[in-house]
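Peer 1: This is what each chain is made of:
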Amino acid sequence: MKVLIEDIEYYLPLKVEDASVLKKDNPDWQIERIQERTGITKRHISGANQTAVDLARLAAEKLFLLGSHRDEIDLLILVTQSPDYKIPTSACLLQNLLRLNKDCMAFDINLGCSGFIYALAVAASLIETGTVKKALLICSDTYTKYIDKHDRTCRPIFSDGACAVLLKPSNHHCLGPFDMGTDGSGFLNLIVPSSGARIKKLDKPKGKLFMDGPELFMFTMDTVPKTINALLDKAGKTIKDIDLFVFHQASKVVIDNIIRRMQIPKRKVFINYHKIGNTVSASIPIALKDAEKKGRLKPNDKIMLVGFGVGYSWGSCIIHWRARQ
Amino acid sequence: MAKAAEKDILKIIQGALNLKNKNITINSSISNTTEWDSLGHLSILTALDKFFKGKIGKVKELAAADSVKKIVQILKNNKLI
Numbered sequence: 000m001k002v003l004i005e006d007i008e009y010y011l012p013l014k015v016e017d018a019s020v021l022k023k024d025n026p027d028w029q030i031e032r033i034q035e036r037t038g039i040t041k042r043h044i045s046g047a048n049q050t051a052v053d054l055a056r057l058a059a060e061k062l063f064l065l066g067s068h069r070d071e072i073d074l075l076i077l078v079t080q081s082p083d084y085k086i087p088t089s090a091c092l093l094q095n096l097l098r099l100n101k102d103c104m105a106f107d108i109n110l111g112c113s114g115f116i117y118a119l120a121v122a123a124s125l126i127e128t129g130t131v132k133k134a135l136l137i138c139s140d141t142y143t144k145y146i147d148k149h150d151r152t153c154r155p156i157f158s159d160g161a162c163a164v165l166l167k168p169s170n171h172h173c174l175g176p177f178d179m180g181t182d183g184s185g186f187l188n189l190i191v192p193s194s195g196a197r198i199k200k201l202d203k204p205k206g207k208l209f210m211d212g213p214e215l216f217m218f219t220m221d222t223v224p225k226t227i228n229a230l231l232d233k234a235g236k237t238i239k240d241i242d243l244f245v246f247h248q249a250s251k252v253v254i255d256n257i258i259r260r261m262q263i264p265k266r267k268v269f270i271n272y273h274k275i276g277n278t279v280s281a282s283i284p285i286a287l288k289d290a291e292k293k294g295r296l297k298p299n300d301k302i303m304l305v306g307f308g309v310g311y312s313w314g315s316c317i318i319h320w321r322a323r324q
Numbered sequence: 000m001a002k003a004a005e006k007d008i009l010k011i012i013q014g015a016l017n018l019k020n021k022n023i024t025i026n027s028s029i030s031n032t033t034e035w036d037s038l039g040h041l042s043i044l045t046a047l048d049k050f051f052k053g054k055i056g057k058v059k060e061l062a063a064a065d066s067v068k069k070i071v072q073i074l075k076n077n078k079l080i
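Listed in order, the protein sequences are those of chains B and Y. So the first sequence is numbered by numbering that gives the first Met the number 0: it starts at 0 and just counts up by one. So the second sequence is numbered by numbering that gives the first Met the number 0: it starts at 0 and just counts up by one.
Rather than coming from a laboratory, the hints here were simulated on the basis of the structure. All figures in this text were calculated on a predicted structure; none of them were measured in a lab. Please note that the accuracy of each hint is not assured.
The list that follows gives simulated cross-link-like pairs (lysine-lysine, DSS-like), each with its CA atoms no further than 30 Å apart [said to hold, decoys possible]: (1) B:Lys239 with Y:Lys52; (2) B:Lys251 with B:Lys1; (3) B:Lys251 with Y:Lys19; (4) Y:Lys21 with B:Lys22.
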């Protein structure tokens, strides 16, 4: 697709939780052992009155401060699973808060860890068909609000954050191909029970995130290699042709196992989960921005992005970083 | 590769849980082994997958196998031991 990522900015809440906070709330936890496996040492926590829309707004305003023009945006996609309200759509609130034009299309995508890839595919399709000219994608989530402070499976992993990405037409093929998939049979393995219209007497705590770590892990080990191989086939490429892999920053144990199973050289994999945690849909664009800041992205580099998780849902794509105009 | 034996599986689980002063037996399970929590289970799955050279990803029942007996039975059912 002739669509280019023009700019990326992110915002992380100022409150940071490290091992000392977890230990204070949970003296019986073996924190060193948990951190050794998750690889996550710090996580960002949204304030009590700070929502995903607030984080999204702060990330987008950073783009505008750095010179992007809000008047040019005619598509706003907010990827979130922590909406301000069940009704209305959070993207509509955000259009107003960001003072975007009223002829701007705005909608939410309710997906988690695969959400950025889906939003990229939708936005790029709308740009390529000429329906819109400039798209603002924002991935923003506040999963920590759904997590019990004594939940040893979820609390050491999830973090809050938002990332805003601008897309515009390009003269070159910079984006694609894509490989996407869904397996809704796994929906119960990462869920906030009774959080919508379906209220059920479940064994799991209502209103709080439940994650079956081993089930998610097995899904990842089976599915991620398949989507990587399918994408490489579609692109007519091999692992050797890819300059950098940016996976959803799930945790160390997950990414290490993907690398091992796919025999991807570690130097080709960018990680930042250790200092940011798992920010759900925002994790891939945040990692892309950090990779750029660290000089890991060069013009024309071929980068594979892979998102996977809640749903189950997954998606992968190849981007040609800022292909020369 | 020669087929693994039950004792190999015990050794793999022992190593994955990093147990130094305790032996894993056929009767060990999540309920009687403190180190065998959800993260410990991920370590066991990882160690088994390394040992069986990537064949464990498709054996989905292992995610819910909360005892050595269940793990051994599932591996037998899948003709891995």
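Peer 1: Decide, hint by hint, whether the structure agrees.
Peer 2: Evaluated hints:
A threshold of 30 Å between alpha carbons decides the hint, and for lysine 239 of chain B with lysine 52 of chain Y the separation of about 21 Å falls inside it, so the pair holds. With a C-alpha separation of about 34 Å, the suggested pair lysine 251 of chain B and lysine 1 of chain B falls outside the 30 Å cut-off, and the hint is violated. For a cut-off of 30 Å, the pair hint linking lysine 251 of chain B to lysine 19 of chain Y stands: about 24 Å separates their Cα positions. A distance of roughly 26 Å separates the Cα atoms of lysine 21 of chain Y and lysine 22 of chain B; the hinted pair therefore holds under the 30 Å criterion.
The structure fails to meet hint 2 from the earlier list, while all remaining hints are met.
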